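Build out the structure end to end from the sequences listed, making use of the hints.
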Amino acid sequence: MSWPPVSEELTMFRKTVRDFVEKEMAPHALEWDEAGIFPKEIFKRFGEMGFFGISYPEEFGGSGLDYWFSVAFLEELTRSKNAGVNMAMTVQSDIALPPILEFGSDELKKEFLMPAIAGDRIAALGVTEPDAGSDVANIRTTARKVGGDYVINGAKTYITNGCRADFIVLAVRSGDEGYGGISLVLFPTDTPGFQVSQSLKKLGNLSSDTGLLFFEECKIPERYVLGEENHGFYYIMTGFQRERLAASLLAVAGMDRMMEDAVRYTQERQAFGRPISKFQVWRHRFAEMMTNIEAARQLTYMAVDKFVAGENPIKEITMAKLFTSELSQKVAYDCLQAHGGAGYMTEYDIARSYRDARLLTIGAGSSEVMKEILGKMEGF
Amino acid sequence: MKILVTVKRVEDPEIKIKIKADGSGLESEQMKYVVNPFDEIAVEEALRLRDTHEGEVVILSLGVADCAQQIRTALAMGADRGVHVLTDETLDPTLASLAMQKVIEDESPDIVLMGKQAVDDDMGQTGVMLAERLGWGQASFASKEASLESEEEKSKQTALNVSDNKVTVVREVDGGIETLCLNLPALITTELRLNIPRYASLPGIMKAKKKEIKEFPLRDLIGDAQPLVEVLKMEKPAARAAGMIVSDVPQLMEKLRNEAKVI
Ligand SMILES: Cc1cc2nc3c(=O)[nH]c(=O)nc-3n(C[C@H](O)[C@H](O)[C@H](O)COP(=O)(O)OP(=O)(O)OC[C@H]3O[C@@H](n4cnc5c(N)ncnc54)[C@H](O)[C@@H]3O)c2cc1C
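As given, the protein sequences belong to chains A and B, one line each in that order.
If you're matching positions, the first sequence starts at 1 in this note's numbering and goes up one per residue.
If you're matching positions, the second sequence starts at 1001 in this note's numbering and goes up one per residue.
It is worth saying that the hints were derived from the structure and are not from the lab.
There could be a bad hint or two in this list.
[To be verified] Label pairs and their computed distance ranges (CB to CB):
1) B/ARG1081 with A/THR11: 20 to 26 Å
2) B/LEU1026 with A/LYS371: 49 to 55 Å
3) B/ASN1258 with A/GLU268: 30 to 36 Å
4) A/GLU294 with B/HIS1053: 33 to 39 Å
5) B/ALA1241 with A/GLU326: 47 to 53 Å
6) A/GLU8 with B/PRO1227: 27 to 33 Å
7) B/LYS1154 with A/GLN195: 44 to 50 Å
8) B/THR1179 with A/SER2: 53 to 59 Å
9) A/GLU8 with B/ASP1120: 19 to 25 Å
10) B/ASP1120 with A/ARG45: 26 to 32 Å
11) A/GLU268 with B/ASN1183: 55 to 61 Å
12) A/ASP106 with B/GLU1054: 30 to 36 Å
13) B/ARG1081 with A/PRO130: 40 to 46 Å
[What the hints assert, rightly or not] Per the computed footprint, the stretches of chain B lying under chain A, defined by three or more beta-carbons under 8 Å from a beta-carbon of chain A, are:
14) 1229-1242
15) 1249-1262
These numbers come from a predicted model, not from an experiment.
Using N, Cα and C, we set each Cβ at its ideal position, and we do this for glycine too.
Printed below as a string of structure tokens:
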């Protein structure tokens, strides 16, 4: 076991992400949260920095690097202290685009993938519907074939980047009931009949836009289908692995940030004549927290290691997603507690991190779904 | 046009430094190193000049083998190639400027850009000495007339105007702006308010890997020349005495008069 690997390029890249995030994003963490949105220009800046193209081939504007570079990117991104913008960025880099690379034709890659890697077009992934979330096989948005087109009708909800997206990697029912009738299509949002019904108000991740979207007789050409028709369920499940790995990495690094904040605060804050951190109850809590976070990191790195080696480590990724997101709840709770009343004030990062962390056990597949997967795999 | 930029490897200003127990220098263990921030600005200006006038940007660094990291950082920002003068010696400005002179005489650039000082020892002498050694005109503390929030800066225009084998440079002086005109070749040192340097992008980092860095041992260039300045000792500033809170103005006056003895 030797992770993460060390190379001069990886060290330089990590530093570049850190510098960019600390200087260009972190100072706006509270401002963007309160505004409920971040400037669209950030997409372009990320494109220019090469952050969206880390693991994509050079011929499509990427850098063709292994997933450890994505690990560095995701970890350093948490220094923005704003999980909303981080989610928006990772939807682009790690969630919406991978299926295009993996299953799209060269023509579709040129038309959709390349401008998204460059940060010129914003991408979203549209799977969840008002009546189908965890139960992906049950989606109802239909794609009816008419001549050389698909005509799409239905609704999607909780779609990150949904209000600003230029295109959506969209799950539709093109065939029969069940998982065998689902396709993934590329859906340009300037298609007539498409409507952003609402930018949904949330508990956390406030700076990202989350859309409720309607599709009414939306016509897109048949060639916008990814891979093979009615194979979409399999493509979505494949994509979930990468999404969950990214979610796990963001969770672990997010815990590092929360703990750094709490340690710093308790070292400075005095009560009863000494820094809070010098009370044994807090020193021990931090020692425990540090140990748990490290265990979470090692589990996640093990999954990354197998992923980089080209294996399909569903079990490890599922365990990492489950463990890191659940642990984040406890770490967020304790780190806010360490701040006392200050932790309840929005000017402190921990107040926002606490709200933001709540999503982790729900998004990208809930903890219950992770347990179902593990239970099925192991035959419990 | 050929532009040569010097880049110094310095201790990361954001990390707490520790002085060696014998006061001979800084503890290098657990230290992180970065490109001197003033030099990053020089690199940025050189890249803008090159992008306006074509040509190449050469990065020069003197020092230990790991200086290659700082050269690579500048190459990742977009510079074309590097020259590394290798040495484990601690160089004073006279030796540093002598080694630079040798490289520059060989490279014959049109413009040499340098940070006005390095944030490690803050000597601020190397640029001045180098211009003198080369017998070139020099503009120190180059700045930009427009603000760093201006459209001019956002569109990454160079603040150095080159035409007819001359360069005009703006400097901030007490209460105003001074504009200098120099014949090329010329040496220019950069102030903080010249530009906002770009970040190395990921494609830039990967391209930098393939760019050439030529290496020369220091003593091959400067023979047995000796430094004129020697650092005798480094020490921390004396710790400040703890402050106190006084209860009223008469007590404050009493303390100022009898303890601080300032009134
Ligand atoms: C901020 C945010 C951003 C999002 N972004 C996107 C996006 O970009 N694209 C997208 O497609 N979706 C997105 N989602 C949707 C997200 O993936 C779903 O919310 C998630 O999959 C859960 O689905 P659901 O909300 O329908 O909950 P439900 O499926 O209705 O689940 C409700 C509860 O039942 C539990 N449950 C479900 N099935 C089982 C079971 N078999 N056994 C035991 N318990 C079960 C769940 O764990 C949960 O606790 C986002 C959600 C949020 C909150």
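To see whether the hints hold, each was checked on the structure:
1. B/ARG1081 with A/THR11: 20 to 26 Å: Holds, at about 21 Å.
2. B/LEU1026 with A/LYS371: 49 to 55 Å: holds (53 Å)
3. B/ASN1258 with A/GLU268: 30 to 36 Å: holds (34 Å)
4. A/GLU294 with B/HIS1053: 33 to 39 Å: Given range 33 to 39 Å: violated, Cβ gap about 53 Å.
5. B/ALA1241 with A/GLU326: 47 to 53 Å: About 51 Å separates the Cβ atoms of B/ALA1241 and A/GLU326, which means 47 to 53 Å holds.
6. A/GLU8 with B/PRO1227: 27 to 33 Å: Since A/GLU8 and B/PRO1227 have Cβ atoms about 31 Å apart, the given range 27 to 33 Å holds.
7. B/LYS1154 with A/GLN195: 44 to 50 Å: 35 Å Cβ-Cβ, so the 44 to 50 Å window is violated.
8. B/THR1179 with A/SER2: 53 to 59 Å: holds (57 Å)
9. A/GLU8 with B/ASP1120: 19 to 25 Å: holds (22 Å)
10. B/ASP1120 with A/ARG45: 26 to 32 Å: Because 31 Å falls inside the window, the suggested range holds.
11. A/GLU268 with B/ASN1183: 55 to 61 Å: holds (56 Å)
12. A/ASP106 with B/GLU1054: 30 to 36 Å: Roughly 34 Å apart at Cβ, these two residues keep to the hinted range, so it holds.
13. B/ARG1081 with A/PRO130: 40 to 46 Å: Violated - the Cβ-Cβ distance for B/ARG1081 and A/PRO130, about 58 Å, lies outside 40 to 46 Å.
14. 1229-1242: Violated: only 0 residues of the segment 1229-1242 of chain B have a Cβ under 8 Å from chain A.
15. 1249-1262: It is violated: at least three residues are needed, and the segment 1249-1262 of chain B offers just 0 whose Cβ sits closer than 8 Å to chain A.
The structure fails hints 4, 7, 13, 14, 15 (numbered hints given earlier, in ascending order).
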